[in-house]
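Here the protein sequences line up with chains A and B, keeping their order.
Okay, so the first sequence: first residue is 1094 according to our numbering, each after it adds one.
Okay, so the second sequence: first residue is 1094 according to our numbering, each after it adds one.
Please keep in mind that the hints were generated in silico from the structure rather than gathered at the bench.
Be a bit skeptical, because a hint or two may be false.
When chains are identical, the list treats them as one kind, so a pair holds in a single copy or across two.
DSSO-like, lysine-lysine: derived pairs with alpha carbons at most 30 Å apart [stated by the list, open to error]:
{"no.": "1", "residue 1": "K1224", "residue 2": "K1149"}
{"no.": "2", "residue 1": "K1149", "residue 2": "K1122"}
{"no.": "3", "residue 1": "K1149", "residue 2": "K1129"}
{"no.": "4", "residue 1": "K1224", "residue 2": "K1129"}
There are 2 protein chains.
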Amino acid sequence: MPSVPSVRVYDLPVIRDSRGSLSYAEYGKDLPFITKRYFVVFDVPAGEVRGGHAHKSVEQFLVCVKGSVWVTIDDGRQQIQILLEGPARGLYVPPLIWSTQHGHSPDAVLLVLSSETYDADEYIRSYEEFKNLAGTE
Amino acid sequence: MPSVPSVRVYDLPVIRDSRGSLSYAEYGKDLPFITKRYFVVFDVPAGEVRGGHAHKSVEQFLVCVKGSVWVTIDDGRQQIQILLEGPARGLYVPPLIWSTQHGHSPDAVLLVLSSETYDADEYIRSYEEFKNLAGTE
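Isolated chain A (complex conformation) (with noise of 0.2 Å):
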């Protein structure tokens, strides 16, 4: 058994009043781990396709701050698709999930909350090895 949670979307509060909209997550409540990195992509042209890759041990939280994309997450069992489309929704992706972003907005910015720093080994980049460490095949 796992010990993180699984894949799970999150509807976040928005606190809007005249002076604007705010939104936001914090550890206990809507976001299952304590950030240790981030990251943003924006002006993604149309067409491309981003992620395609795994993680080991990194959980992560996916918010599209403005504009909206697709999300694909794949256990190695099935595949969901997932609309991201504003500060509002946030996606938590445990490990061992293969996930891709594609259908960006040409305004889209993704941002990616990360439980651990940057560890270029701790990437699953074949398909075929993540379905072999998943335990699906």
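Following the hints, put chain B in place on chain A, whose structure we already have.
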């Protein structure tokens, strides 16, 4: 002497290729703390001013991941104004700094990473109290 770094602007790495652009920061490099909370501010009407408080102990890292916003930083002795525009510029704001944001572009999305979860008692909302705590009155 404070045990935290001073206000600092970070020029963050950006990786650009045919699939789009990616910018990042991580703890131990460009990010001086581990993040327990984030929030995003968006859809701010023209002319609005946000912020207008300081924190007793929370550290923050501001990145305007889309559009632009002006940030005013006040340490009780002097004020400086900093333009945040795009994911490649991060602003570290330590505790006991009075900060406001204004001049948001219509598409601005301001990401704020925070070293602690939300605690209303941790905010300093009176400028007079801030001046007392900052030891400059």
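### Same-copy or cross-copy closeness of K1149 to K1129 [CA-CA at most 30 Å]
Answer is both: 16 Å inside a copy and 22 Å across each meet the 30 Å cutoff.
### Query
Between K1224 and K1129, at a C-alpha cutoff of 30 Å, which is it: within one copy, between copies, both, or neither?
This pair counts as within: shortest intra-copy Cα distance 27 Å, inter-copy 32 Å.
### Task
Up to 30 Å between alpha-carbons, please classify K1224 paired with K1149: within, between, both or neither.
Result: close within a single copy only, 12 Å intra versus 49 Å inter.
### Task
Tell me, please, which holds for K1149 and K1122 at an alpha-carbon limit of 30 Å: within, between, both or neither?
Both: 24 Å inside a copy, 23 Å across copies.
Going through the hint list in order, the structure satisfies each hint without exception.
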